[in-house]
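K.L.:
Chain residues, written in single-letter form:
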Amino acid sequence: MEKELKLMKGNEAIAEAAIRYGADAYFGYPITPQSEVIEYFMEQNPIERTGMVVLQAESEVAAINMVYGAAACGMAAMTSSSSPGFSLKQEGLSYIAGAELPCLVLNVVRGGPGLGTIQPSQSDYFQSTKGGGHGDYRLIVLAPASVQEMYDFVQIGFDLAFKYRNPVLILSDGIIGQMMEKVEIGPQRVRRTMDEVIKQCPWATTGKTANRERNIITSLDLVASRQEEFNRKLVKKYDTIREKEVRCECINCDDADYVFVAYGTSSRLCMKSMDLLRKEGYKVGLVRPITLFPYPSKIIAGLAERVKGFLTIEMSTGQMVEDVMLAVNGKRPVKHYGRVGGVVPTPEEIVDAMKNFMKGE
Amino acid sequence: MAELTINDIIKEENLVYKKTKVMTDNVMHYCPGCGHGTTHRLVAEVIEELGIQDKTIGVTPVGCSVLMYNYLDIDMQEAAHGRAPAIATAIKRVMPDKFVFTYQGDGDLAAIGTAETIHSCNRGENITIIFVNNGIYGMTGGQMAPTTLSGMKAVTCPRGRDVNTMGYPLHITELIAQLPNVRFVTRQSVHTPANVRKAKAAIRRAFENQKDGKGGLSFVEIVSNCNSNWKMTAVDANKWMEENTFKEYPLGDIKIDWEIQEGKISLRNRKLDY
Amino acid sequence: MAKIRGAVKVDTEKCKGCSVCLGACPMGVLDLAKEVNGKGYNYCYMKDPEKCIGCASCAIVCPDGVISVYKVKVD
Chain A
1 MEKELKLMKG
11 NEAIAEAAIR
21 YGADAYFGYP
31 ITPQSEVIEY
41 FMEQNPIERT
51 GMVVLQAESE
61 VAAINMVYGA
71 AACGMAAMTS
81 SSSPGFSLKQ
91 EGLSYIAGAE
101 LPCLVLNVVR
111 GGPGLGTIQP
121 SQSDYFQSTK
131 GGGHGDYRLI
141 VLAPASVQEM
151 YDFVQIGFDL
161 AFKYRNPVLI
171 LSDGIIGQMM
181 EKVEIGPQRV
191 RRTMDEVIKQ
201 CPWATTGKTA
211 NRERNIITSL
221 DLVASRQEEF
231 NRKLVKKYDT
241 IREKEVRCEC
251 INCDDADYVF
261 VAYGTSSRLC
271 MKSMDLLRKE
281 GYKVGLVRPI
291 TLFPYPSKII
301 AGLAERVKGF
311 LTIEMSTGQM
321 VEDVMLAVNG
331 KRPVKHYGRV
341 GGVVPTPEEI
351 VDAMKNFMKG
361 E
Chain B
1 MAELTINDII
11 KEENLVYKKT
21 KVMTDNVMHY
31 CPGCGHGTTH
41 RLVAEVIEEL
51 GIQDKTIGVT
61 PVGCSVLMYN
71 YLDIDMQEAA
81 HGRAPAIATA
91 IKRVMPDKFV
101 FTYQGDGDLA
111 AIGTAETIHS
121 CNRGENITII
131 FVNNGIYGMT
141 GGQMAPTTLS
151 GMKAVTCPRG
161 RDVNTMGYPL
171 HITELIAQLP
181 NVRFVTRQSV
191 HTPANVRKAK
201 AAIRRAFENQ
211 KDGKGGLSFV
221 EIVSNCNSNW
231 KMTAVDANKW
241 MEENTFKEYP
251 LGDIKIDWEI
261 QEGKISLRNR
271 KLDY
Chain C
1 MAKIRGAVKV
11 DTEKCKGCSV
21 CLGACPMGVL
31 DLAKEVNGKG
41 YNYCYMKDPE
51 KCIGCASCAI
61 VCPDGVISVY
71 KVKVD
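Residue numbers (this note's numbering), protein chains in the order written: chain A, 1 to 361; chain B, 1 to 274; chain C, 1 to 75.
For the record, the hints were derived by calculation from the structure and aren't laboratory data. Any given hint could be a false lead.
Said to hold, decoys possible - Over the 12 Å line for every Cβ pair with chain B, so calculated as not near, a few chain A residues:
1. Glu58
2. Ile118
3. Arg247
To be verified - When the alpha-carbon atoms are kept at most 30 Å apart in a straight line, the in silico DSS-like pairs for lysine-lysine are as follows:
4. B/Lys198 <-> C/Lys47
5. B/Lys98 <-> B/Lys21
6. C/Lys73 <-> B/Lys18
7. A/Lys130 <-> A/Lys3
8. A/Lys199 <-> B/Lys18
To be verified - So the derived label-pair ranges between C-beta atoms look like this:
9. A/Gly318 <-> B/Ile260: 54 to 62 Å
10. B/Lys11 <-> A/Trp203: 54 to 62 Å
11. A/Ile118 <-> B/Gly151: 43 to 51 Å
The beta-carbon is built from N, C-alpha and C at its ideal position, and this holds for glycine as well.
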């Protein structure tokens, strides 16, 4: 069969991917630079195409709680937002993590703090990878670097969400969301029937039938010892995820003296910078974490045994660099270079930053 | 004929009333005399009578009734504070053949969850909202609620609610009754047998409105007590409620099948001598 | 003439002694016991069982659903 190729925005690709995945529900609220997600859904009218529910909520808070409600019924539910709206979703995400529900969330990051700007940024790393809301929990975080990955990560994300009963975040930015690229589109999958949902999610609130006990979806347990036990169970789950689900791309690392560490848009910029540096004879490699939680700490720790230093490139004042430092554990110098507030660094300034780093500046 | 003993009467074949099987045997955590218990039971009885135990999904709030899922033998979800109508919206949208209800207090529904309440009502989600209004935050220890009566004391208005700085008691029920997609709005109480019967009929109607295909949202307010935080006995609290709360929140049907009942909603002007 | 006789059974361990049923009873059958249950509540009991007509008013206002009601017709 011939490949189906389309020219799409990242924001459109993710919506099309959700419909084709056979997702059951999307709840959204407009915010720049991700409003095309809900606009594309509304235009496509997926209730006609697959029976998928799409609803514009009254706020990001309501949208994430709608995801809670649908996810608790065993549905493949998703929402999307951009940084200020993603902050509003932290309450719901904490409850979703606490109730161990699967769902998919997209954050098309823009510069902050506050209302900040509508331009692209990577300044939500801490919020995304360290929990974000209250309590001890983690999201599984996927960082796409292309429109194709925006598309592909929907299936990977939902599969991980259901495998671990854990919210999954696609951490994108205003560039990946807005730019258009060629995307290879997968076949339309049929949505699960209610019987299949019940079989896959026996814990879901699908109506208490005579053959089982009632299902309760809650994050509340007032007995401290049980709540502690539950927290320990979550830690175990996160450790399993750390063990099994790390995704990372290492480019030109085999012979590298120095490596960039960068994800998403920054990793694409680094690809160009790396080429420029290699043409000048510098042996420079790139580590591109695809999962930000779990973080590819072991891979970076391994490289720390032989490379001379790590330079992280982020569109932030330095957030992921802390995870690189933890992985390197003082063995090699680790530095950060970034532009913020919606400014995107040029490959040339990244080249200069690496040259300065290699000189020990 | 020999005189009947109590044991002659208390026999299975003579049973005329007992707790519904849709209630679990867990002892409820509510204070003695709290209207939550009665309201829970009415919801459970309606579910049993309609035969919809396997088709009902309930959403519990944050507040005293947060643990309602321990007492009803149905599938339930526990919501974040105020978000129950958003959650119920999603449940109904993804499973339209199910009966979906939220159970919320006045702080949950009329303060932190105002947006979710108004918008689920405005969309006319085909769900049932049970709104228990006791004019106070019970679980957190008796703070002022949006529904607290003017002049009424609470721990965050120890000199009484001053309407000029704290606002008037919020009539959210009358507000949402004016939304076109809202089908049924009523205000009831559960403190006497007659009121319990009326409240149950209202809850039943609110659930039946989910099965005739006509859609619309049904909203049942139960004006209730909080004797612990009102610092009264249960009996005194019910009496106080009749004498004070009912004046602010008169009982009765406000809207039936999309028709606002005559004289039920009037503009409320600010009175300086309130 | 047929006479109605009723009786109630109270789950005394779950009764919280709130007294709401006492006022709901049209016949004045119920009262709180002088004894307390395991939780320390004076539970409800039939002080005057002869008068009970099995109307279930007490049961339907009971917040804790602890009252079952029985009724017979006596010729």
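K.L.:
None of the hints should be skipped; say for each whether it holds.
P.N.:
Okay, the hints, checked on the actual structure:
1. Not every C-beta of chain B lies more than 12 Å from that of glutamate 58 of chain A, the closest at about 4 Å, which undercuts listing it as non-interface.
2. With a least beta-carbon separation of about 24 Å from chain B, isoleucine 118 of chain A lies farther than 12 Å from that chain, consistent with its non-interface assignment.
3. The beta carbon of arginine 247 of chain A sits about 30 Å from the closest Cβ of chain B, which is more than 12 Å, so the claim that it is off the interface holds.
4. A C-alpha spacing of about 29 Å is found between lysine 198 of chain B and lysine 47 of chain C, which places the hinted pair at or below 30 Å, so the restraint holds.
5. The straight-line distance between the Cα atoms of lysine 98 of chain B and lysine 21 of chain B is roughly 20 Å, inside the 30 Å bound, and the hint therefore holds.
6. A distance of roughly 19 Å separates the Cα atoms of lysine 73 of chain C and lysine 18 of chain B; the hinted pair therefore holds under the 30 Å criterion.
7. Distance restraint check for lysine 130 of chain A and lysine 3 of chain A: the Cα-Cα separation of roughly 39 Å exceeds the 30 Å cut-off, and the hinted pair is therefore not satisfied.
8. Distance restraint check for lysine 199 of chain A and lysine 18 of chain B: the Cα-Cα separation of roughly 36 Å exceeds the 30 Å cut-off, and the hinted pair is therefore not satisfied.
9. At roughly 59 Å, the beta-carbon separation of glycine 318 of chain A and isoleucine 260 of chain B lies within the given 54 to 62 Å, and the hint holds.
10. Distance hint for lysine 11 of chain B and tryptophan 203 of chain A: a CB-CB separation of about 42 Å, inconsistent with the stated range 54 to 62 Å.
11. Between isoleucine 118 of chain A and glycine 151 of chain B, the C-beta spacing of about 48 Å keeps the proposed range 43 to 51 Å intact.
Of the hints listed earlier, those the structure fails to meet are numbers 1, 7, 8, 10, in rising order.
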